[in-house]
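Residue numbers (the working numbering), protein chains in the order written: chain F, 1 to 466; chain X, 1 to 184.
Please note that a few of the clues may not be correct.
Straight-line C-alpha distance at most 20 Å; calculated SDA-like pairs for lysine to any residue [claimed, not checked]:
| # | chain 1 | residue 1 | chain 2 | residue 2 |
| --- | --- | --- | --- | --- |
| 1 | F | Lys137 | X | Glu145 |
| 2 | F | Lys137 | F | Gln218 |
| 3 | F | Lys137 | F | Gly199 |
| 4 | F | Lys137 | X | Arg141 |
Here are the in silico distance ranges between beta carbons for each label pair [said to hold, decoys possible]:
| # | chain 1 | residue 1 | chain 2 | residue 2 | range |
| --- | --- | --- | --- | --- | --- |
| 5 | F | Ile162 | X | Asp26 | 31 to 39 Å |
| 6 | X | Gly148 | F | Pro19 | 21 to 29 Å |
| 7 | X | Arg163 | F | Met249 | 34 to 42 Å |
| 8 | X | Asp26 | F | Asp333 | 32 to 40 Å |
If you are wondering where the hints come from, they were derived from the structure by calculation, not from laboratory data.
Because the structure is a prediction, the values reported are computed rather than measured.
Glycine included, each C-beta is placed from N, C-alpha and C at the ideal position.
The residues making up each chain are set out below.
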Amino acid sequence: MTTDHELDRVLGLYFERGPIEINDRVVASALETIDDTGQVRPRLRRPRRFLMQHAMRFAAAAAAAVAVVAGAAALLNQTTPPPVAVTPSPPAATDVPTPTSDATARPSQTAPPAGGAPLIAYVRRETDPNTGLLTYKWHVWTVEPDGSNRRRLNDDVSVDTIVLGWTPDGSRVMAFAPGYPNVEPETSPGIYAFDIATGEATQLTVCEAPCVRDSGPQLSRDGSTLLVVRETADATGNRLGSSILLVDMATGRETELVGTRLDGSFRSCGNAGSNCLGPWIRGPSLSPDGGRIAYAQMEEVADEDPGVVRGATIARGDIILMDADGSDGRTLDLGGTSASDPVWSPDGSRIVFGSYVEDYVFGTNGRRDTLRVRRDIYTIAADGTDLRQLTDYGHATGATWTSDGRIRFIQLESDGAGDYVGDFWTMDAAGGDGQRLTDFGPDAYDVELSSLTYPVVQWRPDPLGQ
Amino acid sequence: MDRELVERAQGGDREAFAVIARASADRMFAIAERILRDIGRAEDAVQQTLVIAWRQLPALRDPNRFDAWLYRLLVHACYSEARDARRWGSIFQILPADGPVDRDETLSVADRDQLDRGFRRLPAEQRSVLVLRHYVGLEPREIAELLGIPEGTARSRLHYAHRAMRAALEAAERPATAFGGRSS
Numbered sequence: 001m002t003t004d005h006e007l008d009r010v011l012g013l014y015f016e017r018g019p020i021e022i023n024d025r026v027v028a029s030a031l032e033t034i035d036d037t038g039q040v041r042p043r044l045r046r047p048r049r050f051l052m053q054h055a056m057r058f059a060a061a062a063a064a065a066v067a068v069v070a071g072a073a074a075l076l077n078q079t080t081p082p083p084v085a086v087t088p089s090p091p092a093a094t095d096v097p098t099p100t101s102d103a104t105a106r107p108s109q110t111a112p113p114a115g116g117a118p119l120i121a122y123v124r125r126e127t128d129p130n131t132g133l134l135t136y137k138w139h140v141w142t143v144e145p146d147g148s149n150r151r152r153l154n155d156d157v158s159v160d161t162i163v164l165g166w167t168p169d170g171s172r173v174m175a176f177a178p179g180y181p182n183v184e185p186e187t188s189p190g191i192y193a194f195d196i197a198t199g200e201a202t203q204l205t206v207c208e209a210p211c212v213r214d215s216g217p218q219l220s221r222d223g224s225t226l227l228v229v230r231e232t233a234d235a236t237g238n239r240l241g242s243s244i245l246l247v248d249m250a251t252g253r254e255t256e257l258v259g260t261r262l263d264g265s266f267r268s269c270g271n272a273g274s275n276c277l278g279p280w281i282r283g284p285s286l287s288p289d290g291g292r293i294a295y296a297q298m299e300e301v302a303d304e305d306p307g308v309v310r311g312a313t314i315a316r317g318d319i320i321l322m323d324a325d326g327s328d329g330r331t332l333d334l335g336g337t338s339a340s341d342p343v344w345s346p347d348g349s350r351i352v353f354g355s356y357v358e359d360y361v362f363g364t365n366g367r368r369d370t371l372r373v374r375r376d377i378y379t380i381a382a383d384g385t386d387l388r389q390l391t392d393y394g395h396a397t398g399a400t401w402t403s404d405g406r407i408r409f410i411q412l413e414s415d416g417a418g419d420y421v422g423d424f425w426t427m428d429a430a431g432g433d434g435q436r437l438t439d440f441g442p443d444a445y446d447v448e449l450s451s452l453t454y455p456v457v458q459w460r461p462d463p464l465g466q
Numbered sequence: 001m002d003r004e005l006v007e008r009a010q011g012g013d014r015e016a017f018a019v020i021a022r023a024s025a026d027r028m029f030a031i032a033e034r035i036l037r038d039i040g041r042a043e044d045a046v047q048q049t050l051v052i053a054w055r056q057l058p059a060l061r062d063p064n065r066f067d068a069w070l071y072r073l074l075v076h077a078c079y080s081e082a083r084d085a086r087r088w089g090s091i092f093q094i095l096p097a098d099g100p101v102d103r104d105e106t107l108s109v110a111d112r113d114q115l116d117r118g119f120r121r122l123p124a125e126q127r128s129v130l131v132l133r134h135y136v137g138l139e140p141r142e143i144a145e146l147l148g149i150p151e152g153t154a155r156s157r158l159h160y161a162h163r164a165m166r167a168a169l170e171a172a173e174r175p176a177t178a179f180g181g182r183s184s
């Protein structure tokens, strides 16, 4: 048995050996790049256009021009800015209200908006009020779309930063608490629901080893069942698989509907030397009538593009429809589009989803490619026909539906420094009539509206039955 | 790092940033190489870190925390490189050995070989905490602060990484089979 002291010594020796000086050309090359590179101060760029039908483009452009002129006229007349852009994208920058910049936001004591008033849930890392330093606690907050009335729902339960969802009635926010050791008070890992009026936290799932995370929570309209994706891993972090669980809220009984199994994290695939990760499951969505479930199954595959260096792999996903008991699964034909995160429309007739397309961009140094992820929004009829692409600029994500059949989503813009910031927009079901709902700008970082991987900000669902 | 230099670089002084880059690059490279165990990727991680640092430097609130901030950028660049490395199928590449050596002074070839296999199987997050703990010499609390994770998470990652490395080391001490493999 190797003692701690011996292991410490061996690891010290292991890491001691290795190069300690970098080739001067590497630093010189970086500095050359910097010579052509400006510095970035947080700001939000103008959004790009949506993909619209040809017939709509002229009208949209004309309407946008009218909006710009109207906005300019409003400025000249020093009138109060209109509340929210209501014209097709891209709106003039003056069309939206300026949010309250509040980098050290403290919880508001104001009650949350009643009923189904617009509200956004997000996860925020806490700052120590005494020292101003960031802590190791993340909590669920809400904010109104104009950036006002930021409220921390609960002080006690620390959550992770990638799982977030609303209950269908908009009264509670669901998030995953990993149960970090040494973060007081100790929390049982699992999905929690936070009441937006009282902050009361209710544990909905229990995630014990080998469970490492429950994600994608979706509560049925009657509150009787909960859908989650459960990820499992062994003690060293090698993933074992993921599965969709149906949790009976009355008894806590968990039923696995479908799952993937991994032997460790990798498998051989494609070209010689390739190792692929997967498969794994994302984003189950229960149809409004409760009869069917749509979800995405992701996996890594060999990249067959001859322009890519031998052995490269990319992630891709399929949308699968199945009955609510896990039977009769079938993969939708998306015409080769890699997809994730399906969501049923309120009337159950269509499914909106995000494309997830990875490819490689050749670097200027001729030897290093970088992986690029493009995300756009599509819809498809529930019977698997009538596939429609709604955006084409590569940075639209987090699509859901409004009660009147429009699509609400997050549009991400590069900040030029490797990250993305975004805002909520809506568009009609044909991809036109874009309307901007928020303008968080640099504050997007504060509300964690900057993730390209997971939308960790969720708009409150519209009231049921409307 | 000298605060004045950092503040000048924050104001857009490229010469100041060049001084900072040259002073920091060797240390960054050594850390990145130990996390990634690949010189080319470590060089890329350093390049990526320097470019991002230059661009984001105006947003650094406290110039006195420049070093920790730079290391955090570096570790995240290593995560990105490790992800690509996984995609490019190089996770089981074995480092060349330098010949038999006395275990009392350094590691045996078998130890190093097994340690390397064990290390390369670790997720990048666990590799990072091992390197920060055993090469940079940081305490778990400092690692947590540097990486922006809870201290418990840093300790947990260290625990699992230590367990894997201990298992790898003990595998090296078992007799080899007749086919050159190792008994289970």
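Hint check results:
For the proposed pair F:Lys137 and X:Glu145, the alpha carbon gap of about 12 Å is at most 20 Å, so the pair holds. Taking the CA atoms of F:Lys137 and F:Gln218, the gap is about 24 Å. The hint is violated against a cut of 20 Å. This hinted pair checks out: F:Lys137 and F:Gly199 have alpha carbons roughly 16 Å apart, not beyond 20 Å. Note on F:Lys137 and X:Arg141: the hinted pairing holds, with a Cα-Cα distance of about 15 Å set against a maximum of 20 Å.
For F:Ile162 and X:Asp26, the Cβ-Cβ distance of about 35 Å falls inside the hinted range of 31 to 39 Å, so the restraint holds. Range check, X:Gly148 to F:Pro19: Cβ separation about 28 Å, and the 21 to 29 Å hint holds. Against the hinted window of 34 to 42 Å, the Cβ-Cβ separation of X:Arg163 and F:Met249 comes to about 37 Å, which satisfies the hint. Between X:Asp26 and F:Asp333 the C-beta distance comes to about 54 Å, which lies outside the given range of 32 to 40 Å.
This entry does not satisfy hints 2 and 8, going by the numbered hints stated previously.
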